[in-house]
Amino acid sequence: MTETLVMLLARWPYVCTVLLMLLGLYGMLGKQNLVKKLIGLNVFQTAIILFFIVQAYRSGASVPIWDPALGNDPDAYVDPIPHGLMLTAIVVSVAVTGVALALLIRIYRNFGTLDEPDLLDAMKRSR
Amino acid sequence: MAESALPILILLCFVAGAIVVVLATLRRPDAAWIVTMATLTAAFGLSVRLLQAVIDGGAVRHRLGGWVAPIGIELVADGLTALVVCVVTGIALLVGLYAREAVRREIAERESAFYAVLLVLLLGLSGMVLTGDLFNLYVFFEISSLAGYALIAVGDKRAVVASFRYLLLGTVGASFYLLGVGFIYALTGTLNMADAAARLPALADNPALRVSVALIVTGIALKMAVFPMQAWLADAYTHACTTTTAIVAPIMTKVAAYALIRIAGFVYGFELVSERLPVGAALAWLSAIGIVVSSVLALAQTDVKRMLAYSSIAQVSYIGLGIGLGQPWALAGAVLHVLNHAVMKCCLFLVTGTVQLAGGGRTLDDYRGLGRRMPWTFAAFTLAALAMVGIPPTGGFFSKWYLMVGGLEAGAGGLVVVLVGSGLLTAGYLFRVLERVWARPAPDLVLRPLGAGATVPIVLLGVAVVVFGLLNSWIVTRVIAPALPTAMGGLET
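Chains A and B supply the protein sequences, listed in that same order.
With the numbering used here, you'll find the first sequence wraps up at 127, consecutive numbering, no jumps.
With the numbering used here, you'll find the second sequence wraps up at 493, consecutive numbering, no jumps.
Hints are supplied without guarantee of correctness; some may be wrong.
[To be verified] 30 Å max Cα-Cα, derived DSS-like pairs, lysine-lysine:
(1) B:157 - A:36
(2) B:157 - A:31
(3) A:31 - A:124
(4) A:124 - A:36
(5) A:124 - B:157
[Stated by the list, open to error] Now the stretches of chain A that chain B is said to cover, found in silico as 3 or more residues with beta-carbon under 8 Å:
(6) 42-51
(7) 73-86
(8) 94-102
Think of the hints as simulated: they come from the structure by calculation, not from any bench.
The C-beta atom is built at its ideal place from N, Cα and C for all residues, glycine as well.
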């Protein structure tokens, strides 16, 4: 038990990303307003982005630009690939949010509500 | 492995097409369809050329920007890739032919945007198939999904809600996949599929690897609509407009299935997924439950389009079952079913679209007597329906046959029972339609039938159902078998 706790404490940045991920999932599942669900999704995606960034971090390492003083030791530099990947993932997540907001606007125009129970009622009536 | 520019040319075709569609319609509003058809024809031509090249000379690759593999991103095409790319572009070409009238009748005011997004969807799907890089797969995954959400939102009033739900689930699925890739990267330091495949076996006992298997399989299974993650699909397919359903239903879940085959079979290897971990067995049994549940739900529908949507879940689950078994014959059956189901489901959805656009309805009773009024259309419908049930010599029979052989070889008798039983359920829901089409008198109703442009693709698909059935052994031995993972051994009983 204490071993697990020590292991988790030593990896606290990962624990934080997992908590953030769970928070996002709760927002998506537990909230009834569709905008809040979307915010939950954004939190969830941010958690994954942070997971990659934490993984790239190396204590005491330099920016990933070759430096004669540090030489060719890969451990002297922060891993740049996860940052590059996450730049792309952020773009993807912005695009997803954009499309989702556009859909929400259309839903509101069609049914006059973004609250899930009300929306289900409105959809039944429109049938 | 030979170098070839064909993979990148296929992708560039779609990029160029999507841009030209938008620009061309600024000047000539009616140019959208012509540009789309030109793009689709070129892409299909290149895909067939790619298939030919792969059959003749084995797998080919293209290094993007000239960077050598584990550093750069590469596009790789073997037999499976080339076959699935041909399915994607071929189905798109036929639906494109059909779309001219359908799009004018349904969404005339947004024609150019619709075609542009359609081409972006195809870019994403063919990119997912062609890429040899795990992160690149995620990017194409999201490109195709985003275009898919937009296309599905075009439909009746409730399509937007269905699309939003799909967006939430789809993005979670893609995020799970991305997280799984993060674990692979942390373990191996590479994102190239071939490179990762070479490094992973040494790490087979690492718990992080198991987590990555679970995350990636769950993420892709969500997009494939494997039970119990299938709820988004029925609404999305039912409320979207005809052209969208006809293109999304046959190929989108299939491409997700392809991605699963690629990663489970070639990156992790079935030895890990099916033998060391219970993931393969879980996938097979969940698929089996999905087959039964969705077939029963399909039986309960009176709306034909919705019935076909449920049947799509069941049919994709056949593919999931084949992958889960992790046995060469079953995998060959799964790949063959990607082809066969794409052809037959595209045909069925196009026919429901034709009936709806001609002024008939979507319920079972609206199909009374239509066989006499649209004989060619419903002849093709009947062939596709027989293939869905699995009656020889149609393609559907052979893919199920290979799946059953694989199930017996793997000693999973229970799954074979599900395969046989679901054929009966399929017959149950489709023969209800066929009986109304051919054996009931038609009500008095004025139909405005679509022109030859809409009938020709349906008839071609109907013919293809039988042709692919007759060609099945050639496809399996020449295209699929050489491309199966070498660790699995060949197709021998």
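Tested hints:
{"no.": "1", "hint": "B:157 - A:36", "result": "22 Å, holds"}
{"no.": "2", "hint": "B:157 - A:31", "result": "23 Å, holds"}
{"no.": "3", "hint": "A:31 - A:124", "result": "21 Å, holds"}
{"no.": "4", "hint": "A:124 - A:36", "result": "23 Å, holds"}
{"no.": "5", "hint": "A:124 - B:157", "result": "12 Å, holds"}
{"no.": "6", "hint": "42-51", "result": "holds (count 4)"}
{"no.": "7", "hint": "73-86", "result": "holds (count 3)"}
{"no.": "8", "hint": "94-102", "result": "holds (count 4)"}
Checked against the numbered hints above, the structure breaks none of them.
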